[in-house]
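*Asks:* With chain B's structure known, arrange chain F on it following the hints.
Chains as they are written, first to last, in the numbering used here: chain B, 1 to 412; chain F, 413 to 824.
Think of the hints as simulated: they come from the structure by calculation, not from any bench.
Some hints could be false.
Stated by the list, open to error - Rough simulated footprint, nothing fancy, chain B against chain F, three-plus residues with beta-carbon under 8 Å:
1. 605-616
2. 674-680
3. 719-733
As the list claims (entries may be wrong) - Cut-off 25 Å, straight-line C-alpha distance, at most; resulting in silico cross-link-like pairs (DSS-like, lysine-lysine):
4. B:K316 <-> B:K54
5. F:K749 <-> F:K811
6. F:K731 <-> F:K470
7. B:K274 <-> B:K209
8. B:K274 <-> F:K424
9. F:K466 <-> F:K728
10. B:K206 <-> B:K165
11. B:K58 <-> F:K424
12. F:K750 <-> F:K812
13. B:K316 <-> B:K184
14. B:K54 <-> F:K466
15. B:K277 <-> F:K750
16. B:K184 <-> B:K209
17. B:K12 <-> F:K686
18. B:K10 <-> F:K689
19. F:K470 <-> B:K54
20. F:K784 <-> F:K750
21. B:K274 <-> F:K437
22. B:K58 <-> F:K470
23. F:K731 <-> F:K811
24. F:K727 <-> F:K466
25. F:K686 <-> B:K25
26. F:K686 <-> B:K10
27. B:K184 <-> B:K206
28. F:K422 <-> B:K274
29. B:K319 <-> B:K400
30. B:K12 <-> F:K689
31. B:K399 <-> B:K319
32. B:K399 <-> B:K337
33. B:K319 <-> B:K204
34. B:K25 <-> B:K12
35. B:K277 <-> F:K689
What the hints assert, rightly or not - Partner residues are not named here, just some residues of chain B that face chain F (Cβ under 8 Å, in silico):
36. I4
37. Y8
38. T9
39. D43
40. M63
All C-beta atoms in this analysis are idealised placements derived from N, C-alpha and C, irrespective of residue type, glycine included.
2 protein chains.
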Amino acid sequence: MTEINHDYTKLKSSYLFSTIAGRVKVYEESHPEADIIRLGIGDVTRPLTPTIIKAMHKAVDEMADGATFRGYAPDLGYEFLRNAIAQNDYRDRGMDISDDEIFVSDGAKSDSGNIQEIFGRDNTVAVCDPVYPVYVDTNVMAGRAGEYDDATGCWSNIVYMPCLKENGFVPLLPSGLSSGNAFKAPDIIYLCFPNNPTGAVLDKAKLQKFVDFANAHGSVIIYDAAYEGYIREEGIPHSIYECEGARSCAIELRSFSKNAGFTGVRLGFSVIPKELKREGVSLHSLWARRHGTKYNGAPYIVQRAGEAVYSSEGKKEIKGLIDYYMDNAAYILNGLKKAGYNVSGGVNAPYIWLETPKGLSSWDFFDLLLDKARVVGTPGVGFGPHGEGYLRLTAFGDKKRTEQAVDRIASI
Amino acid sequence: MTEINHDYTKLKSSYLFSTIAGRVKVYEESHPEADIIRLGIGDVTRPLTPTIIKAMHKAVDEMADGATFRGYAPDLGYEFLRNAIAQNDYRDRGMDISDDEIFVSDGAKSDSGNIQEIFGRDNTVAVCDPVYPVYVDTNVMAGRAGEYDDATGCWSNIVYMPCLKENGFVPLLPSGLSSGNAFKAPDIIYLCFPNNPTGAVLDKAKLQKFVDFANAHGSVIIYDAAYEGYIREEGIPHSIYECEGARSCAIELRSFSKNAGFTGVRLGFSVIPKELKREGVSLHSLWARRHGTKYNGAPYIVQRAGEAVYSSEGKKEIKGLIDYYMDNAAYILNGLKKAGYNVSGGVNAPYIWLETPKGLSSWDFFDLLLDKARVVGTPGVGFGPHGEGYLRLTAFGDKKRTEQAVDRIASI
Chain B
1 MTEINHDYTK LKSSYLFSTI AGRVKVYEES HPEADIIRLG IGDVTRPLTP TIIKAMHKAV
61 DEMADGATFR GYAPDLGYEF LRNAIAQNDY RDRGMDISDD EIFVSDGAKS DSGNIQEIFG
121 RDNTVAVCDP VYPVYVDTNV MAGRAGEYDD ATGCWSNIVY MPCLKENGFV PLLPSGLSSG
181 NAFKAPDIIY LCFPNNPTGA VLDKAKLQKF VDFANAHGSV IIYDAAYEGY IREEGIPHSI
241 YECEGARSCA IELRSFSKNA GFTGVRLGFS VIPKELKREG VSLHSLWARR HGTKYNGAPY
301 IVQRAGEAVY SSEGKKEIKG LIDYYMDNAA YILNGLKKAG YNVSGGVNAP YIWLETPKGL
361 SSWDFFDLLL DKARVVGTPG VGFGPHGEGY LRLTAFGDKK RTEQAVDRIA SI
Chain F
413 MTEINHDYTK LKSSYLFSTI AGRVKVYEES HPEADIIRLG IGDVTRPLTP TIIKAMHKAV
473 DEMADGATFR GYAPDLGYEF LRNAIAQNDY RDRGMDISDD EIFVSDGAKS DSGNIQEIFG
533 RDNTVAVCDP VYPVYVDTNV MAGRAGEYDD ATGCWSNIVY MPCLKENGFV PLLPSGLSSG
593 NAFKAPDIIY LCFPNNPTGA VLDKAKLQKF VDFANAHGSV IIYDAAYEGY IREEGIPHSI
653 YECEGARSCA IELRSFSKNA GFTGVRLGFS VIPKELKREG VSLHSLWARR HGTKYNGAPY
713 IVQRAGEAVY SSEGKKEIKG LIDYYMDNAA YILNGLKKAG YNVSGGVNAP YIWLETPKGL
773 SSWDFFDLLL DKARVVGTPG VGFGPHGEGY LRLTAFGDKK RTEQAVDRIA SI
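Isolated chain B, as found in the complex (with noise of 0.2 Å):
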């Protein structure tokens, strides 16, 4: 008799998400004259730029033609966009990252999901509270998690590294596990900088000391950077190898969802350096070994449209996107500011962190953001017990209708 994935079983029944779009609906459904402005899920809404739609155009064409027709593309991605990625992602920054360390995906969500594939389940991983849902639940998949306190909101195994008002958001260097155990460093420490969802940024030498520690014990550092594109001041490390000896302990995760409007599309990267091995094995082989076994290659025409958003055009265009978006970051930063709400993020990401008012819990600010607002917002929990009593907001939504949502939580 076939036995079924235990640790699948101990997840709460749906994603975070998609538990937000039933609530949603079931509103919708006894009020549907409700004029909903959607600020929670952080999906895109401008359409592809001109260079992109070209460059895409061009690929179907060369798809319909047998001489120019291409059936599977490399595992690990073409050539012509890891080249792309590395020199203007990497090396024209100053940083050593060859072509043959960038690993073309389907995009970020996938990579933070499998990456933990190539780790022994034995491993303790830790993570920032609150954090995005994806590190903790495909751990808790693959066993590694341990068992769940509904009093706490807490897996036993796994190391939870509370971003506090108090720190600006940013995480200390992580403890023993909450359990009390003596101290051990974790193994796996997941970092996603500029943070969701809180829009916190870690500076250069705050990132330095993580990785002088994971260093220091051996451990790997999973660092998500799928928001780097949003950053707007000097000084915040755009990739975690802008530190020294970051080669040796991190493995990096970008998205062309964010920065390019690519969530539709489905186009990211992750980077291993060559020299990261543990108990003497390259991960960078482990990881093309999952590649070549589970997974076929980004279709050819979404690689092309990657490709042309490092051309110069692509380039200028995407910044017009970014800075669309980030107007609406500060519109919302400001407007909330001005209204009285403790705010935070929105400076160098696109999300905004909103405390929420008189100590009420994150659903029930939820609630009532969506009952007297109609503004969905994500709560604060969701990502973790230290996101509650805070929503996250975002700025990909359309210009007015976010000047619109703000306008109408400040009148609440």
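*Replies:* Same frame as chain B, but now just chain F:
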């Protein structure tokens, strides 16, 4: 200190097709003048058909306009595609499959690699021998395969179902473990028909026996029907759901890669009937959770291309595409028969299974063909120990080149 996944290191260092590519590269370097014809990897060569190209251009244009732009797709696929699939591939053929039993993905390789995740690690897996390597390798990576025995080419905890010449390369029902344990039915049975690599098919009565076996023992069948579009003869099931009782024991995997020439476009789907449960848990819900957590849907443009496959024009064009390849298959089959080779497959499948002459090993014959005919095949032993003494040729090449390859082999 981070530990790696030691199960990964049990695998041979490289995927079969990477090994072949490496070997051909070495040959090319020492024979730069050689005009090599590749009938090895099962990659299509014909361009996408006009209706599909048109649908993709239209979808690209929609992505260029804020009013029609699409961000994140639904995790399990757009309704328009799930409906087209369920209606055309199942309900129109008398099978009771609902739209929401369809899971759209980026291809059958990903699905066949990922599906094992929803099952526990202690299940015993049965595979045909020879077999598509992904089924075995992904179970090795998950720690389900036991230890590899170099002498037999077998994994200690995998049940092999030999596909022998005397049975027309059709497997018998699985026996116990190869180590000689008392009979215990395998928990997960992978079947791929029309078969890769042998090109053999299972008629409905034989497939029904597997379904009955699975229902009797509580096993789950993972039925890979990636090549169903190539079936020409009556009485050969296109889907396992043509068999009685399959809804309570079978998962089906499908692909647009071979049927519609999408190897570089990336689209496939899986089917899990809602009543398929094990230990009281719906496998549909487990698989949905995996999709929701580790995947972000296939690109909108690609899903529109998939929808176009089911239009009346699309169907006609696809038939022409398959006819082209099956003409190649017939040429290979007849040409090699005439030349005195023992060949099979190629009637309801794009693969021809060639017995090596004079008892040569698969790799020796591979080298001989490369050197004397400058034709690349796939060594049968790469698909499992019972593939030794065989070579797989594919019908996916250019017509002229395929004919040339056959003529060259015939005149060795």
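*Asks:* State for each hint whether it applies.
*Replies:* Cross-check of the supplied hints:
1. Remark: the stretch 605-616 of chain F is not confirmed as covered by chain B, as 0 of its residues place a Cβ nearer than 8 Å to a Cβ of that chain, below the required three.
2. Here the stretch 674-680 of chain F counts 4 residues with a CB under 8 Å from a CB of chain B, which clears the bar of 3, and the coverage holds.
3. Check result for the stretch 719-733 of chain F against chain B: violated, 0 residues qualifying (beta carbon to beta carbon below 8 Å, three or more required).
4. The straight-line distance between the Cα atoms of B:K316 and B:K54 is roughly 15 Å, inside the 25 Å bound, and the hint therefore holds.
5. Only pairs whose Cα atoms come within 25 Å are accepted, and F:K749 paired with F:K811 is accepted, the gap being roughly 18 Å.
6. Straight-line distance between C-alpha atoms of F:K731 and F:K470 comes to about 23 Å, which keeps the hinted pair within the 25 Å bound.
7. A C-alpha spacing of about 22 Å is found between B:K274 and B:K209, which places the hinted pair at or below 25 Å, so the restraint holds.
8. For the suggested pair B:K274 and F:K424, the alpha carbons sit about 20 Å apart, so the restraint of at most 25 Å is met.
9. Among the hinted pairs, F:K466 with F:K728 is consistent with the structure: their alpha-carbon atoms are about 15 Å apart, no more than 25 Å.
10. Between B:K206 and B:K165 the CA atoms are separated by roughly 16 Å; this keeps the pair inside 25 Å, and the hint holds.
11. Of the pairs offered as hints, the one joining B:K58 and F:K424 is violated, with about 39 Å between alpha carbons and a cut-off of 25 Å exceeded.
12. Proposed proximity of F:K750 and F:K812 is supported: the alpha carbons are some 18 Å apart, at most 25 Å.
13. A distance of roughly 47 Å separates the Cα atoms of B:K316 and B:K184; the hinted pair therefore is violated under the 25 Å criterion.
14. The hinted pair formed by B:K54 and F:K466 meets the criterion: a straight-line CA distance of about 15 Å does not exceed 25 Å.
15. In summary, the hint linking B:K277 to F:K750 is not supported, as the alpha carbons are separated by about 54 Å, beyond the 25 Å threshold.
16. Distance check on the hinted pair: B:K184 and B:K209 sit about 17 Å apart at the alpha-carbon level, within 25 Å; holds.
17. Among the hinted pairs, B:K12 with F:K686 is consistent with the structure: their alpha-carbon atoms are about 20 Å apart, no more than 25 Å.
18. With a C-alpha separation of about 17 Å, the suggested pairing of B:K10 with F:K689 holds against the 25 Å cut-off.
19. Of the supplied pair hints, the one linking F:K470 and B:K54 holds, its CA atoms being roughly 13 Å apart against a limit of 25 Å.
20. Between F:K784 and F:K750, the direct Cα distance comes to roughly 19 Å. Compliance with the 25 Å bound is thereby established for this hinted pair.
21. Distance restraint check for B:K274 and F:K437: the Cα-Cα separation of roughly 23 Å lies within the 25 Å cut-off, and the hinted pair is therefore satisfied.
22. Under the criterion of a C-alpha separation no larger than 25 Å, the hint pairing B:K58 with F:K470 is consistent with the structure, at around 13 Å.
23. Of the supplied pair hints, the one linking F:K731 and F:K811 holds, its CA atoms being roughly 16 Å apart against a limit of 25 Å.
24. Proximity of F:K727 to F:K466 is assessed by CA-CA distance (about 14 Å); at most 25 Å being required, the pair is judged to hold.
25. Straight-line distance between C-alpha atoms of F:K686 and B:K25 comes to about 23 Å, which keeps the hinted pair within the 25 Å bound.
26. Among the hinted pairs, F:K686 with B:K10 is consistent with the structure: their alpha-carbon atoms are about 20 Å apart, no more than 25 Å.
27. A C-alpha spacing of about 21 Å is found between B:K184 and B:K206, which places the hinted pair at or below 25 Å, so the restraint holds.
28. Under the criterion of a C-alpha separation no larger than 25 Å, the hint pairing F:K422 with B:K274 is consistent with the structure, at around 20 Å.
29. About 20 Å separates the Cα atoms of B:K319 and B:K400, which keeps this hinted pair within 25 Å; it holds.
30. Taken as a hint, the B:K12 and F:K689 pair is honoured in the structure, with Cα atoms around 19 Å apart against an allowance of 25 Å.
31. At roughly 16 Å between alpha-carbon atoms, B:K399 and B:K319 fall within 25 Å of each other, so this suggested pair holds.
32. Distance restraint check for B:K399 and B:K337: the Cα-Cα separation of roughly 18 Å lies within the 25 Å cut-off, and the hinted pair is therefore satisfied.
33. Our distance criterion of 25 Å between C-alpha atoms is met by B:K319 and B:K204, whose separation comes to about 23 Å.
34. Of the supplied pair hints, the one linking B:K25 and B:K12 holds, its CA atoms being roughly 20 Å apart against a limit of 25 Å.
35. Taken as a hint, the B:K277 and F:K689 pair is broken in the structure, with Cα atoms around 41 Å apart against an allowance of 25 Å.
36. Residue-level restraint check for B:I4 holds (minimum Cβ-Cβ distance to chain F is 5 Å; threshold 8 Å).
37. Here the hint on B:Y8 is kept, as its CB sits about 5 Å from the closest CB of chain F, short of 8 Å.
38. Of the supplied interface hints, the one on B:T9 holds, with its beta-carbon coming within about 6 Å of a beta-carbon of chain F, less than 8 Å.
39. Hint on B:D43 holds. Least Cβ distance to chain F is approximately 4 Å, under the 8 Å limit.
40. Of the supplied interface hints, the one on B:M63 holds, with its beta-carbon coming within about 5 Å of a beta-carbon of chain F, less than 8 Å.
In this structure, the earlier hints numbered 1, 3, 11, 13, 15 and 35 are contradicted, and the remaining ones agree with it.
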